[in-house]
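Visitor: We have chain D; now place chain Z onto it with these hints.
Just so you know, the sequences run in chain order D and Z.
Letter by letter, the first sequence follows residues 557 to 668 in our numbering.
Letter by letter, the second sequence follows residues 16 to 127 in our numbering.
35 angstroms max Cα-Cα, derived DSBU-like pairs, lysine-lysine: (1) Z:26 to D:598; (2) Z:72 to D:601; (3) Z:85 to D:601; (4) D:601 to D:558; (5) D:635 to D:601; (6) Z:26 to Z:72; (7) D:598 to Z:72; (8) D:558 to Z:72; (9) Z:85 to Z:26; (10) D:558 to Z:26; (11) D:635 to D:558; (12) Z:72 to Z:85; (13) Z:26 to D:601; (14) D:598 to D:635; (15) D:598 to Z:85; (16) D:598 to D:558.
Worth flagging that the hints you see were computed from the coordinates, not collected in a lab.
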Amino acid sequence: RKEVEQDPGPFNVPEGATVAFNCTYSNSASQSFFWYRQDCRKEPKLLMSVYSSGNEDGRFTAQLNRASQYISLLIRDSKLSDSATYLCVVNGRATSYDKVIFGPGTSLSVIP
Amino acid sequence: DAGITQSPRYKITETGRQVTLMCHQTWSHSYMFWYRQDLGHGLRLIYYSAAADITDKGEVPDGYVVSRSKTENFPLTLESATRSQTSVYFCASSVQGVHGYTFGSGTRLTVV
Numbered sequence: 557r558k559e560v561e562q563d564p565g566p567f568n569v570p571e572g573a574t575v576a577f578n579c580t581y582s583n584s585a586s587q588s589f590f591w592y593r594q595d596c597r598k599e600p601k602l603l604m605s606v607y608s609s610g611n612e613d614g615r616f617t618a619q620l621n622r623a624s625q626y627i628s629l630l631i632r633d634s635k636l637s638d639s640a641t642y643l644c645v646v647n648g649r650a651t652s653y654d655k656v657i658f659g660p661g662t663s664l665s666v667i668p
Numbered sequence: 016d017a018g019i020t021q022s023p024r025y026k027i028t029e030t031g032r033q034v035t036l037m038c039h040q041t042w043s044h045s046y047m048f049w050y051r052q053d054l055g056h057g058l059r060l061i062y063y064s065a066a067a068d069i070t071d072k073g074e075v076p077d078g079y080v081v082s083r084s085k086t087e088n089f090p091l092t093l094e095s096a097t098r099s100q101t102s103v104y105f106c107a108s109s110v111q112g113v114h115g116y117t118f119g120s121g122t123r124l125t126v127v
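Only chain D is shown next, with the shape it has when bound in the complex (with noise of 0.2 angstroms):
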């Protein structure tokens, strides 16, 4: 089983839509959890962490189950500009940046 999973998509969602992600971790130690947006041909850039309690951003919410050992990254209102592909990252100790795992991705595009 691969450390970090998540559904490659692609995700074809109208604008407006909403549409959800979700990413799974095999170690249960792991204390930081983030998603990152990559735009097509360029650099993963941070969209945001994800706490214990849920947190949201605007039209994103991310939210963890640390039971199931899962993430999830909920986008309201899709916009074309959303169009990119979202990381899930996980971290298997709070100071360990040698664990840092970056899951492959999912492709999501938004459609006029």
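Guide: Quick look at chain Z alone, frame taken from chain D:
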């Protein structure tokens, strides 16, 4: 301008040649990382550095060499390039471990 820069943006080299990819950051971040990104594998850590003169292997270090004589520079050298090293290489830096990764714009390397 402040930031993290990689050079060259594109590179074509022949099998067996030595090639060095450059990474420079102006934030004085302690941590620097080299990743490669390939279809189907996501981002994989090659080497990382916690500070000047401190480097360590990541997930896929074979065939690569790094050095960090100065905090701001973290070059990656392919000692004898192979076709399997054709990839997009991203350098990243952070203040502390996994938190707040910032990536460079990447180097697209083709080994023929």
